[in-house]
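Novice: Chains L and P, in that order, give the protein sequences.
Each residue of the first sequence is one higher than the one before, starting from 5 at the first, in the working numbering.
Each residue of the second sequence is one higher than the one before, starting from 802 at the first, in the working numbering.
One should not assume that every hint holds.
Result set (DSSO-like, lysine-lysine): computed pairs, CA atoms no more than 27 Å apart in a straight line [to be verified]:
(1) L/K128 / L/K84
(2) P/K926 / L/K73
(3) L/K25 / P/K839
(4) P/K926 / L/K95
(5) L/K95 / P/K923
Just so you know, the hints here were simulated from the structure itself, not pulled from any lab data.
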Amino acid sequence: MDTSIKVLIVDDFATMRRILKNILKQLGFKNLVEADDGTTAWEILENQAIDLIISDWNMPKMTGLELLKKVRADSRYARKPFLMVTAEAQKQNVIEAVQAGVSNYVVKPFTAEAISDKLAKILK
Amino acid sequence: MIRLDRSFVRKVNAMNVKLINPFINATINVLETMAFVKVDAGRPYVKTDNLAVGDVTGILGLTGVANGTIAVTFEEKCILTIVSNMFGEAMESLNDEIADAVGELTNMISGQARRELEQVGKVFKAAIPSVVIGRNHSIRHYSDGPKIAIPFSTEGGKFTIEVCFER
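Can you make the complete structure from the sequences, with help from the hints?
Specialist: Structure, rendered in structure tokens:
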């Protein structure tokens with residue numbers, strides 16, 4: 005797993021961004037940027053070379069699902085790995101995310117191992 | 802699974818009783834997974850006032866097969882221990898970081914409970930949680946149903962979940 009890549013963490017809760025940053029740092033990732041909603045995440049995508057997006061679902065302004073659809077609809081970013089990390093765990097949510105092209109899906113609460121395993125799969 | 806005594810069941814309707822265990826299971830799962838704390842659930846009771854038993858409360862609206870709210874209210878010492886474990890560093894006082902963490906914990910408990918409820922055909926949607934900090938604050942539920950309180954204890958202190966759905 006290439007840990008030199010630039011990772012964008014998107015979550016409206018600073019707590020979750022901090023937990024994810026801690027886990028990613030433990031895994032060796034150093035190049036981390038954050039956004040607290042989908043709109044800010046999109047601005048960062050337009051201005052920085054992001055290699056991986058890790059996003060929550062339920063956020064103000066632009067949800068994680070809306071961000072995912074926007075990313076997949078834009079040829080510049082359509083192939084970017086996109087990991088959804090969310091408390092939205094009902095079947096319909098997973099189906100919608102898969103149909104929108106999510107690379108993988110982690111349900112909160114999660115262990116560091118769960119994040120590591122999913123990243124290893126989508127970054128291989 | 803928590804066993805409920807008859808006098809408790811008489812006070813709340815059958816719908817509300819069925820909602821309790823998914824929230825208990827979700828609470829234990831979320832705190833043990835994210836904060837590495839052992840959580841013991843006490844006996845549920847019907848709460849008759851709006852006074853929070855904790856110093857910081859996350860509250861979240863749910864809509865679907867029934868409309869209602871869940872609230873998670875923590876004693877100061879308890880939430881400081883929990884968030885310290887989540888961050889891997891000592892948290893010393895109730896502040897914006899603690900409020901944010903309580904919001905996210907409430908969100909995760911709601912998500913886990915809704916996942917379990919979906920498996921028995923009860924689908925709910927959740928709003929974004931709000932958080933109140935301060936001693937003796939009140940908790941306003943959005944519906945007029947019975948307020949079911951479930952006390953929990955951890956080594957770091959106590960917290961309580963309140964579940965309230967329309968009659």
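Novice: Quick one, are L/K128 and L/K84 close enough, alpha carbons at most 27 Å?
Specialist: holds (13 Å)
Novice: Sort out whether P/K923 lies within 27 Å of L/K95, counting only the CA atoms.
Specialist: holds (12 Å)
Novice: Regarding the pair P/K926 and L/K73, is the alpha-carbon distance no greater than 27 Å?
Specialist: At roughly 21 Å apart (the allowed maximum being 27 Å), L/K73 and P/K926 satisfy the hint.
Novice: Keeping to a limit of 27 Å between CA atoms, is the pair of P/K926 and L/K95 held or broken?
Specialist: Given pair P/K926, L/K95 holds - Cα atoms ~13 Å apart, limit 27 Å.
Novice: For the pair we were handed, L/K25 and P/K839, check the Cα-Cα distance against 27 Å.
Specialist: holds (24 Å)
Hint compliance for this structure: every hint is met.
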